[in-house]
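All chains, full assembly: derive it from the sequences and hints.
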Amino acid sequence: MEDISDQYVPADVEESAADHWAETDAYEATKEAHADDPAFFFVDGPPYTSGQMHLGTAWNKTLKDTLIRYKRMTGHRVTDRPGYDMHGLPIEVKVEEELGFESKKDIEELGVEAFIEECKTFAERNREKMDEDFQSMGVWMDWDDPYRTVDPSYMEATWWAFQRVHENGLVERGKRAVNQCPRCETALANNEVEYHEIESPSIYVKFPLKGREGNLVVWTTTPWTLPGNTFVAVGEDVTYQGVRAETESGDTEVLYLAEECVEEVLKKGRYVDYEVVEQLTGEDLVGLEYEHPLAEEVPDHAAFDGALQVYTADYVEVDRTGLVHSAPGHGQEDFERGQELGLEIFSPVVGNGDYTEQAGKYEGQFVRDANDDIVADLDSKDLLLSGETTRHDYGQCWRCDTDIIYLATDQWFITVTDIKEELLANIEESEWFPGWARDNRFRNFVEDAPDWNVSRQRYWGIPLPIWVPVDAGEDLEAEDCLVVGTREELAERADQELNPEEMDLHRPAVDDVTITEDGTTYERVPDVFDVWIDSSVASWGTLGYPAETEAFEELWPADLIVEAHDQTRGWFWSQLGMGTAAVGEVPYEQVLMHGFANDKDGRKMSKSVGNIVTPEEAIDRAGRDPLRAYLLSHDQQGANLAFQWDGLADVESTLNIFWNVFRFPLPYMRLDGYDPAEADLSDGELTVVDEWVLSRLQSVKSEVREAWEGYEVHEALNTVLDFLTEDVSRFYVKAIRERMWEEEDSAGKRGAYATLATVLDETVRMMAPFTPYLAERMYQHLDGGETTVHMLDYPEVDAELHDPDLEAHMAVLRKVEEAAANARQQGGRKLRWPVSRVVVESDEAAVREAVESLSDLFAERVNTREVVVVSRFDELVERAEPKMSEIGPAFGGDSQKVMQAVEGATREEVEAGVDADGEHYDLDDGMVEYHAEPPEGISGADFDSPVGDGSVYVDTTLTDDLESEGYARDVVRRIQEMRKTLDLDVEEPIHTRLDVSDERVAGFVDDHREFVADETRTAEWVDGDEAAFDLVEEWDVEGVDVTIGVKRVEDPDTPDGE
RNA sequence: GGGCCAAUAGCUCAGUCAGGUUGAGCGCUCGGCUGAUAACCGGGAGGUCCGCGGUUCAAAUCCGCGUUGGCCCA
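Using our numbering, the letters of the first sequence correspond one by one to residues 1 to 1058.
Keep in mind that the hints are not guaranteed to be accurate.
The calculated lysine to aspartate or glutamate pairs, modelled on EDC-like cross-linking and capped at a C-alpha distance of 20 Å, are [stated by the list, open to error]:
1) Lys1047 with Glu988
2) Lys1047 with Glu987
3) Lys31 with Asp635
4) Lys1047 with Asp998
5) Lys210 with Glu289
6) Lys105 with Glu289
7) Lys1047 with Glu963
8) Lys268 with Glu248
9) Lys104 with Glu172
If you are wondering where the hints come from, they were derived from the structure by calculation, not from laboratory data.
Pasting the structure below:
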């Protein structure tokens, strides 16, 4: 094993640990060690293979890795197969960009097979890069065997599930108004639409009424949907008015619109005057018929029974005009209302956004490009009341940022709205951390979830396993279709010869497969699945189901999934939806939902803002373990992280303290030939601090366990780190340092070695899931009995060593010690100088008991000759403080004199009455307040402890004896500093020259020559030229000039020197 | 436009559920310690508890209305 460096250098530690893992197959050994343990089925949410790891995905995988390591150490056989989500439009778009493609036509020209190959290569290339990234964070998962959504065996899992959904009667085919990306020529799910502000026309259009005078006034930002107009919607209880409006030229016309909107709209139409001719409700307007405003341009417009009439609808708001142009072919709400009304759907637009011949004059135009023509046509017919533009949020394709259009197209759905009750009930079957994520956020989402559009008119995805009769018409029902569940089943039923072992399930391999049954021939629906279908089956796809059944039967459903809060609408939902629709169950039992990694101000990291921090950069500047510990030291339940470089540096310095604690005993142990791996607490003598730190260790283990079990990961980590810094480093190590310096083997030293070795062994194991490299490095140096620290057990509480009373006492003592240090500082007596006496005063018996039980330790730590514990310190002097509000009225003009006489007097003096200017004054009780002060030479400070408060008094009066020791210690410390300057070995003897300018002080130091020589390994006191010394320095010791010379002894074997 | 989460010292957060003198760590500063020493210990400064309104003897805490940031939905 290499030497342990003075400084914690994460990069070195990590390299050394990584090498060790590689050499010893540590990961395999760890899995093997737990092969027979009870199973813990963790499922990795597959990251999308479009780019590389960023800080958020690094956090996510680190958290998963930490939990997996913890679960293993607590005796579980953990499923740790990582996953990758590799299909979908994002990759298609990237590949199209690489190939310089602009539309589907380019893809068809290249050929679907070649395009699929490109996508496959692209996704695989990204996956390999991400594989490396995740492994570079120290994530131990089964990287040799990840599940990939592009593997036929995984794809089959979606087929199997979809077949179940079909059997359950939850698959539906139909025309629905969906979000359509005209560039990608596919439907998009609501959650694939992102909203941005755009500028659109904002036009007010007159729809001439049939059979009566007047026009309905509607407003729209999408003129291109007017050819598809089918009805006008009004609010049932809204008040409408018919107004006769006068134009600038003096003509008049009648307009119908909501009362509230009249003024505003007439102003926009530049009417000069108007009168109300009619007032009526929405209900009254129902049934009015109107002329299609583009009747000439679009002769084939909706004219069927019930079209071009007024209906009520609940989506109407009293805004703009209060009348809403409705086209079921172009809007979701319009579509739903149209269905209720039994209206046909008229949608003269194809998938790429071009008008069909049904759009008459506009045939072949891209819809958005037709806006201007339509506005102009309306204007020419005097049907345009007003035309301007407006800025508003509008949906865009999540991948290519093209503005979407609403179209009614044939799509396939999983009708999750039919099983809403079951979905909501299944939510209750899962336990979420934090709880509010389930009960508020997720529940709301599920309540509002519409039917799931699972079909995409694209290429790079899992083909829909649906075969429809070749002659199927518009009204095809899902139950008349075949849904295939596995490759084997397809091979059996297919008309063609297929090899289930070797066939690829991607397009175009399955496109031409037909099935003939009962005299009907079926062909495959050309669509692919929505990419969210892929990961929705991860809980069984991970296990190779349906091809492999054993693992599924043993493990399913997942014990735990861990993702960020954006997955509420994503993976948390898709799994619930698919699980419930296919098998009636939620596929996971526990959900840990963490937050996002934002920038230092809590803002989202983004390329355009330029505030991105990459994991690589953080690893470079701090290290893998520090980055992991930093990420894990913050709340892991729903809260976002505001990344701070300072915070990362803080964590690194905390780990450095851990490193210092770890390496502190090593030189001593080596000198004594002590092997920490063989540490035995029954060998040697345990002092009270040993017993205390061992008890604290038990408390920490129990707190840490509890935190883990509630997935309070940051609590677990911070508890260990606090223990290391507060208890081990600041208290324990300080307390045992002197014992380590003892030269001979002693029971006390062995006790300290055993204690510290035990503490280190267990904290290393507790830290292992968080900082795997650092823990490995330490374990291999301290013990190394097993291949890796990660295959060991997580430490368990040893009740024998747990002593809550002692911990309580020590907690009191530390508070008292703090107060003593405070009092010392006030009395101007530094710790190196002993004091004769420290008095601890408290009227709490528990406090006194605590201090008394630890008084030796206390005396040592505060450097006092004597510790006195009392309930009341009777040397305090009560000093009087006059209360002028009482004295003033009582003594009138003499008040000032009385005040001066009273101030600072003792209680005795005041009670006897005070004299001033020859007069005697008696005072009442209420006129004076007393407070107790320490007498001259004693300074005090108060403390609050867990069991009660009190005060500490430090007697700083000097005696020759104390002063003598103080100076001697000061001299020792100067010589030590010089030894360090000379970089002498701890053991190396020296010759020392000492000149003290003050005779009295020189005497003091002489009294302690032996002590000084001992402490500084001075073999001989010498005189001589300054030039004869390796180092000569002049010091100011408490105002006294002291000149010290130090030189090495030439031959260390003969310490007597010359 | 709607839902959820957050806002407390320069920074990270606790305290909010169950109302009662705002706390810790880091940083800053002054001092101490000095064979773990780029470590460690003590003192001090530092707060509109995001704002406004309400309930209450009493509000960081409960309620309402806002502001800012984040996520989700439209």
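Taking the hints in turn, this is what the structure says about them:
{"no.": "1", "hint": "Lys1047 with Glu988", "result": "11 Å, holds"}
{"no.": "2", "hint": "Lys1047 with Glu987", "result": "14 Å, holds"}
{"no.": "3", "hint": "Lys31 with Asp635", "result": "29 Å, violated"}
{"no.": "4", "hint": "Lys1047 with Asp998", "result": "24 Å, violated"}
{"no.": "5", "hint": "Lys210 with Glu289", "result": "5 Å, holds"}
{"no.": "6", "hint": "Lys105 with Glu289", "result": "43 Å, violated"}
{"no.": "7", "hint": "Lys1047 with Glu963", "result": "28 Å, violated"}
{"no.": "8", "hint": "Lys268 with Glu248", "result": "13 Å, holds"}
{"no.": "9", "hint": "Lys104 with Glu172", "result": "26 Å, violated"}
Violated hints for the displayed structure, listed by number in ascending order: 3, 4, 6, 7, 9.
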